[in-house]
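K.L.:
One letter stands for each residue in the lines below.
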Amino acid sequence: MSLNDKLKDLRKNGINEAKRAERLQELNDLRVNLLGKKGPITKALRGMKDVPAEERPEIGTLANNVKKDIQLAIEEKMDELNQQMITKKLEDERIDVTLPAQSRTIGTRHILKQTIEDIEEFFIGLGYQVDAGHEVEEDHYNFERLNIPKDHPARDMQDTFYLTDELLMRTQTSAQEGRDMESHDFSKGPLKVVSPGVVYRRDDDDATHSHQFHQIEGLVVDKNVSMADLKGTLEALCRHVFGPNREIRFRPSYFPFTEPSVEVDVSCFNCNGEGCRICKYTGWIEVLGAGLTHPNVLEMSGIDSTVYSGMAFGLGPERFAMLKYGITDIRDFYLNDVRFLEQFKGVN
Amino acid sequence: MKISLNWLKEYIPVTHTVEEIANKVSLTGIESNPVTLSQGLDKLVVGHITSIKPHPDSDHLNVCTVDVGEDEDIQIVCGAPNVADGQYVIVARHGAHLPEGKRIKHGKIRGIESNGMICGLDEIGVPEKYVPEAFQNGIYVFPEAEKTGSNALELLGLTDEMVDLDITPNRADTLGMHGAAWEIGATYDEKPDIKKAELDDAKVKELSDVTAEVNDPKLVPDFLLRELKDITVGESPLWMQRRLWNQNIQPVNNVIDAANYVMIEYGQPIQAYDLDKLQENKLVVRNAKSGEKFTLEDDTEKSLSHNDLVVTSGTQILGLAGVAGGISARVTPDTKNVLLESAVFDGVSVRKSAQRHDLRGDASNRYEKGVDNGSVSEALQRAVQLVDQTGSVSEISQEIVGNKTEANPTVITGSIAHINHLMGLDLSTDKIMKIIDQLGFEAKLDGDAVTVTIPTRRWDMAIEADLIEEVIRIYGYENLKGTLPSGMETSGGYSPKREFSNKLSDSLLSQGLDEVINFALLSKTEVKAFNTKKTNLTKLLHPMTEDHEYLRTSLIPGLVNNVAYNQARNNNDIAIFEQARIFDRHQGEDRPAEVEYISGAISGNIANDSWNTTKKEVDFYDVKGIVEELLSFTNAKSHFEYVTTDEITNLHPGQSAFITADGQRVGYIGKLHPSYQSEHNIDDTFVFELNIDELFELNKRKVQSQTAPKYPSVSRDLAILVDKDVESGQIVNDIFTNGGKYLIDANIFDLYQGSHVKPGHKSLGYHLVFQNPNDTLTDETVEQAFDVIKESLVQKFNVEIR
Ligand SMILES: [Zn+2]
Chain A
1 MSLNDKLKDL
11 RKNGINEAKR
21 AERLQELNDL
31 RVNLLGKKGP
41 ITKALRGMKD
51 VPAEERPEIG
61 TLANNVKKDI
71 QLAIEEKMDE
81 LNQQMITKKL
91 EDERIDVTLP
101 AQSRTIGTRH
111 ILKQTIEDIE
121 EFFIGLGYQV
131 DAGHEVEEDH
141 YNFERLNIPK
151 DHPARDMQDT
161 FYLTDELLMR
171 TQTSAQEGRD
181 MESHDFSKGP
191 LKVVSPGVVY
201 RRDDDDATHS
211 HQFHQIEGLV
221 VDKNVSMADL
231 KGTLEALCRH
241 VFGPNREIRF
251 RPSYFPFTEP
261 SVEVDVSCFN
271 CNGEGCRICK
281 YTGWIEVLGA
291 GLTHPNVLEM
301 SGIDSTVYSG
311 MAFGLGPERF
321 AMLKYGITDI
331 RDFYLNDVRF
341 LEQFKGVN
Chain B
1 MKISLNWLKE
11 YIPVTHTVEE
21 IANKVSLTGI
31 ESNPVTLSQG
41 LDKLVVGHIT
51 SIKPHPDSDH
61 LNVCTVDVGE
71 DEDIQIVCGA
81 PNVADGQYVI
91 VARHGAHLPE
101 GKRIKHGKIR
111 GIESNGMICG
121 LDEIGVPEKY
131 VPEAFQNGIY
141 VFPEAEKTGS
151 NALELLGLTD
161 EMVDLDITPN
171 RADTLGMHGA
181 AWEIGATYDE
191 KPDIKKAELD
201 DAKVKELSDV
211 TAEVNDPKLV
221 PDFLLRELKD
231 ITVGESPLWM
241 QRRLWNQNIQ
251 PVNNVIDAAN
261 YVMIEYGQPI
271 QAYDLDKLQE
281 NKLVVRNAKS
291 GEKFTLEDDT
301 EKSLSHNDLV
311 VTSGTQILGL
321 AGVAGGISAR
331 VTPDTKNVLL
341 ESAVFDGVSV
351 RKSAQRHDLR
361 GDASNRYEKG
371 VDNGSVSEAL
381 QRAVQLVDQT
391 GSVSEISQEI
401 VGNKTEANPT
411 VITGSIAHIN
421 HLMGLDLSTD
431 KIMKIIDQLG
441 FEAKLDGDAV
451 TVTIPTRRWD
461 MAIEADLIEE
471 VIRIYGYENL
481 KGTLPSGMET
491 SGGYSPKREF
501 SNKLSDSLLS
511 QGLDEVINFA
521 LLSKTEVKAF
531 NTKKTNLTKL
541 LHPMTEDHEY
551 LRTSLIPGLV
561 NNVAYNQARN
571 NNDIAIFEQA
581 RIFDRHQGED
591 RPAEVEYISG
601 AISGNIANDS
611 WNTTKKEVDF
621 YDVKGIVEEL
631 LSFTNAKSHF
641 EYVTTDEITN
651 LHPGQSAFIT
661 ADGQRVGYIG
671 KLHPSYQSEH
681 NIDDTFVFEL
691 NIDELFELNK
701 RKVQSQTAPK
711 YPSVSRDLAI
721 LVDKDVESGQ
731 IVNDIFTNGG
741 KYLIDANIFD
751 LYQGSHVKPG
761 HKSLGYHLVF
771 QNPNDTLTDE
781 TVEQAFDVIK
791 ESLVQKFNVE
801 IR
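Protein chains in written order, with the UniProt record's numbering: chain A, 1 to 348; chain B, 1 to 802.
Some hints here could point you the wrong way.
[Stated by the list, open to error] If you want the footprint, here are the derived chain A segments under chain B, 3+ residues with CB under 8 Å:
no. : stretch
1   : 110 to 118
2   : 127 to 135
3   : 220 to 227
4   : 338 to 348
I should point out that these hints are in silico values taken from the structure, not numbers from a laboratory. For glycine and all other residues, C-beta sits at the position ideal for the given N, C-alpha and C.
Okay, chain B solo, but in the shape it has when bound (with noise of 0.2 Å):
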């Protein structure tokens, strides 16, 4: 809410600069910032129309002589409608600056000389909502005669230097006038001083012609009437009109307006019935029936539910209460009496009738946060009194009661030692005492421990945290030297997962894979992709596009968008992987369990040509000794294989294997789908996914160290030629099967399939390495060993050993 300083002066003294409060206010209390109206503008003045005569050459111009305070009037031009003799008037002089860089200078008019414009409010920065109806579609008319030549400005309340609050939903209290004075009151140590509204006793009356009643008390702690009879409807004061237009309330009648003038001071909502035209004279608090129908005062029809609290006469919806008046009993310039109501009720149900109907405004966002129960009659007897100032009421009735609560004050104990603790400050008692007292608080101690009465006004607070709060802000963060915490020493550090997790991660960085980071959310399409392991999909209850509408079930649809995003900018060549979870939801479950993935892809070239290279596309087994190194910082002591699958539909049928830990899948790698590719407008891209948790699970290698062999080794060559099907990792492991103890390694050094051999057959090249780490190997140890080999893969895989 924007605090406006003249208006602030009514309570407080105002000794600083509107820039110098709002920084004040904003380390103390609320975030605030300076507002200054009306910026730029200038040589706006008041002008007394003196006389007017039809634009000769025009049906819709005027041309007016304006008495604007000098010796001699001026002459304007105006096409207003409204513009009439003996109107008081804001004039734009010559050489006047108006908002948006608008510059008024004299000139002609079709021809007739024009010194200046006559304005409407609109025209001079008060925007057009909030503009009372009679002057929307034309110019501004005083209500009462002013000083011609005085500045205009200020007359319509747009020099105010104002301090915008931008409240945190605790802080409710500073809704109104009086609360914000409070607010700001403590901080400059001024105690704010605010008069009871006062009314004419002669004018109140024990009429008995209207009741109340709530249906439930619960959700509407108060709700108090006030019958005002024989009252004049007509225009507002201007000082009540310009303090509303700059509250963003638009001006309408002098019982309207008191209502939400009333509303800005207490922060206290007061709504407004016209009396004669109410089906009945009793007023009802109760529960819409479903499907009830409810019109607006803009003529707008709703459709109301159960759970929305409604003001009735009879079978007449006056108002969804603490939301919208109706256009039923709403008060017009032809109403005679008028019922204001001053009450509360249940922020939760306010606050979700005004999300059901879209109405959020002025009174909900109150009755939301909260409203001072303290001050509802109070409120509701200044609303009397104003609208009895302007009005001239006969009789005024006495407060009809439908339900009222008794407002009492919070306590709150405390002790000095435990604020100053919890503070991490040792102020003297007086020191909390005077802070407290600022407030407004009353307390009293008692050798360290303080009871403080908290005013209903401040009904945000009930604890004694609450009271630490309110000194340490008063006294001043700035004040406040930063320690660290002193207790006990601990030891710091990730999980033993999250580390296992950095480590594959930082060899995947080391083998130059970029890190990226990849929604969750994903649609119905890419969670299926790569669902490998067949879990139930989660969907959001409301999603808010179908792009982010499931858990992801995989991270490879996300690295596929990286790459397609990049190869769409001519980065073709990529390398990224991914180290996040996905969500697995067993059947029967609602909650998934989150698993822990390292996903990689791979595309383009990993070696481009230059002056001393050629370049090389990536293929199955660049990215399998990526996977390799990672799986070895794994340090798992399981036997991996790649164990060849055409199950995952996204993958090339002939390229894709499942990686197994002794047998058991820990993920897989291969060939993005040619189709898959082409759907994504990607190059041959290259794909693996692991799953950490199982990886963290397998048994840990024991590192016993050894020391290096001093025995040379002896190494074979074994070349043989065997159908085009059989693996070399089936060749491989029938070799160290029946290697013996010193065979210690067995890598593949030629492979050929072609011409030169058998048709269905392809020639391998093995290079066998033996080793006995405590002796020197003799020829006929190695020979025996090598033999058994070449008989078993001769029996098993009928090779022909060349």
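Chain A with its partners taken away, still in its complex shape (with noise of 0.2 Å):
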């Protein structure tokens, strides 16, 4: 058999040798056998010495691509071989996604305290302070700095739990009004400050009234302020509470601290003012109270009522997360099953 022939048999060999193998190791034996050193070509090539040496180009030039022809093929099912592995491996690790996390679980902020910093960080973003006040307070800054003196009829209107004569737990954060007036530097720019927190009535707890419960007072005062300030402020806190939409109106009321009083209705969000059970077919909703600061508010806590004036409103969460989602009795917030606080995860 000429060189030349042995060389193309070799190469058929080594090419169907590549081909049958199964696993990689045989690839990687058969180019050692194959192509080493002491391989095959290597040792038909020692018989060059007897062919012409004008035909010894052509047989160096037919036995690199022998080489390089073989080299290919294990490369090639190398290739096939590795994807065949790794197709292997992904059916191997299938699973069943729909089996049960492993649950990760943070807990769920109360919904009145997401109701609340909801409007704390609306009015922070105004530039109001917050500031929470005393749950035990003095009368007088419960009643008698808001303008209601021992004997004033609205007194009738919140029952009280009083500690002593002189202490209670306060009834209203407009309580914090006063402590706020007092300690306010009006040389370094107005008053604008709410004050959340926890007050008390002496009611029976059913299902919508509770002896405990949250308010968020307002209070701003400045040279400028008007009633068209406090529209326009209750305005957008309504539309960031209730929805884009809201539209707002005012109904004279009366508050011993305030004056003008008006009370706030909100466009009903459940039926965009076509009237529904929500707002009882009026299509607005009561939602809070507000007003003009009164002067003899703003003189008792020393402020010129003259250049200064004030406005102030007060809103409670618990009505605000009972109209917004629909809860139907106050006692569940303070009766806290989880399932009741599970639901609100997230919704603020």
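From the two separate chains plus the hints, produce the assembled complex.
P.N.:
This is the structure:
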């Protein structure tokens, strides 16, 4: 057999063997065996001395091509085997993604705290400080400084838990107004504050009453505060809480510590004003009380009411949350059934 | 008060529907609701009983022939005891609708044809207590002949449409028809036409047989009487009665009805006395003597307080001033001579008396909120006129004055610019003056200054701010465009403590605890259960129930209640916390300090059985891990330690610890005592409680950034055998004390107590890590440090190195 034929034979056999291989190791062995220094090609080339000189370059080229072709066949087969292995591995590692997760649970902030913080953050954005005040308060701040002297009939509207003749569980977060006003340095700019917190009333607990509940009082005192400012501020608040298309309306009302005083209604977010059960078919829902700070209240805090004016508003987080989430029993907030609590995860 | 549109029409034109009026009045002045009486009622007509005979098969039924304005009379069987021939009555015809879905049909009653029903007032919607006494147990009989077949509801005022004003306490001026007419009139730009009562001059005489005296003129600014002689007491005319029962007032007789009618008209309560039943002809208004007895019209007796104002004659108490009349001088059918009283009593005094004796009513409600002291005399004159009209008196006295205070209108001065400024509007002077005029106030302009004279009927108005409210509400809030305050920019935010507290809450939320909110008022048992500060309890003066009597001293009792509530509902795995205040009252002080706490409770499993996990019940170390993570968020420089304690009664004595920061107590952690748990019917529960105020005060770490170490660390394991009572914390502290500056960590990786170690001993394994941030550590350096550690442990704790 000529050297030429021998090389061609080697090529044919090498390629066939590579194709037949089933494992990577076989291919590695094949490469060493066929293409190594002790392999048949090297051995066959030792017969070159018997080839005429003019044919030698041709044989040399052929030998190189045979090596390349075998090398290529081995590499192709290796790729193929690698690919098969990955496919098998992927198949073996297939899982049921519908099985339940390993839970990583974050707790749920109480819905009232979420509601309060949402409102606080709204006002912080408008430059208000947050000042929580005292739950045990003096009669003086809870009533007298709010233009509600001892025998004022308005005291009937809020039966009070007294600790002593002069100390009580605050009935309203407005109790913080006097303290905020007297401690504020007006040379440093306007007073803008919201006071959130717990208040107490002598009420029997039922679906709509709780002897303990929350309020947020807002107060702005400056030289140019007007009813229009009050309306604009509360409009923005109601849109923040109840949705961008809400309208508000003012109705005259009475609070001893504001004059004028108003009740604030927001257009029903459920029916968009068409009338439904939530808004008692009026299209409007009463959400808070507000007004311009009564001049007496300013004067009692040493503020000149001919120069300064104030606006104040008070709202109930329980009422806001009940409206927004359709909660029908105020006691649910204080029973703390975790199934009730956890449904509000991430709402605010 | 309900304002009848028919009545209102006497003063102003009424051109809108009751719904429109109620809506408009709500938006400009007073919350109002439309009321339509006798809705859905029909086929109720006037009938004339033309004959009556007993039912043959009954001893209480009568068979009546009734003319109902048709060609043929109809036959009705009637069981009312007061039915009689010739009466004009209310007939419900066949097919009539009555209240509560009741329907009348013809049929037979004990065999006799009955073509309808003769009705009592209570059967057609007048509540029984407002039905005149004579008709309370029977049918209603019209006082005069009426046209048969005509609409009975209309005649009885029961088709009236009314606007129900739900007043705020400052607007008691609308607790009378006149005031309401002014208010609704201002809204529609209509001035009410209110006529003054005229008396028959011929009857007005100088009588001097009665005098009046007021002991404390401050409490009784006005006390006026008029004497009326030879009156006839009888039934009031229907037009008056129907207006009264529509106001929820029972018609009684023409004198008492006139008094009540004037109260509705003017808002001024009027009292009537039978002159001949007075002990003396001198009325004295004085404070009652403590324990003095007073008998009400309904015969109940009250024991009076020295703070009660009473109207008296000699030792006889005629009435509790402004609150209730008495029985002794009541006007009855045989009364001949009458005294009418129109007075102003101090609102606070009236309110307290009414509350004290549980007698709040129409009169006291008005005195509490105020009455127009400009119309006391006029209202009295009106009452006299009405009594004269219905009871034809012979003589009328002049005003008998116990006290009289001149009624001065309030003058408010304001500035047009300031009014606009506070409204946030730019109304023209003319527009503002027009609104002031609409309200019926007189105003004078002087440049920018406006001087407004407020009639006495609006005693709620005193200052410019009141005027601003009037202008803006009549102008209409709906016309006000919202703006934001335009002053200097301010930076908003939370207080540093609130930020701190939020951070701690967030750390618990992120560790899976749900937040709860509990009541601060607890029972005595609850506030004593975890009073670890041994604070003085703070008690309410007048608690409503024993459950809410004291201010809480700890958040744990609330959390325990929550665990119990949830576990009773099969929510067994509970991890909750609360951030709120407790009340710490120091000895000798009334006012408790309010201290911010953060506390948690964990019960049940922290991991559940699932396809790839097995359940794990919470233990002390799970909760300790939560607390440690929370404490790391305090950013405190302090060294926190857990100091075993058996001091807290309701905690497990072997599984509880005070938490200290550099030796100072800031809280505690532990398992609830088994007996406390079974008392509350809860599973094993671990709790912790931390004082936020104290944590907030701790010195903060100053974080100076260091690059991450570049040199490798070296570790050594240490296995020791030690007496079982030695705490791991002691060992670790000692390791750190002696480990030298390169020791950065010492973790326990093994704890064994059991048969394979010496009795009374335990085996502990620690993994120690050494590192030099600036160089590679040599084995020699580490070995030296390790030897020092071991030596110390052997000496101090007598450990056996293994
Ligand atoms: Zn609606």
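K.L.:
Each hint should be assessed against the structure and marked as holding or not.
P.N.:
Results for each hint:
Look at the stretch 110 to 118 of chain A against chain B: 3 of its residues bring a Cβ nearer than 8 Å to a Cβ of that chain, three or more, so the hint holds. Only when three residues or more bring their CB closer than 8 Å to a CB of chain B does the claim for the stretch 127 to 135 of chain A stand; here the count is 8, and the claim holds. Coverage of a stretch by a chain is defined here by at least three residues with a beta carbon nearer than 8 Å to that chain's beta carbons; for the stretch 220 to 227 of chain A and chain B the count is 7, and the condition holds. Counting residues of the stretch 338 to 348 of chain A whose CB lies closer than 8 Å to any CB of chain B gives 4, so the stated coverage by that chain holds, three being the minimum.
In the structure shown, no violation is registered for any of the earlier numbered hints.
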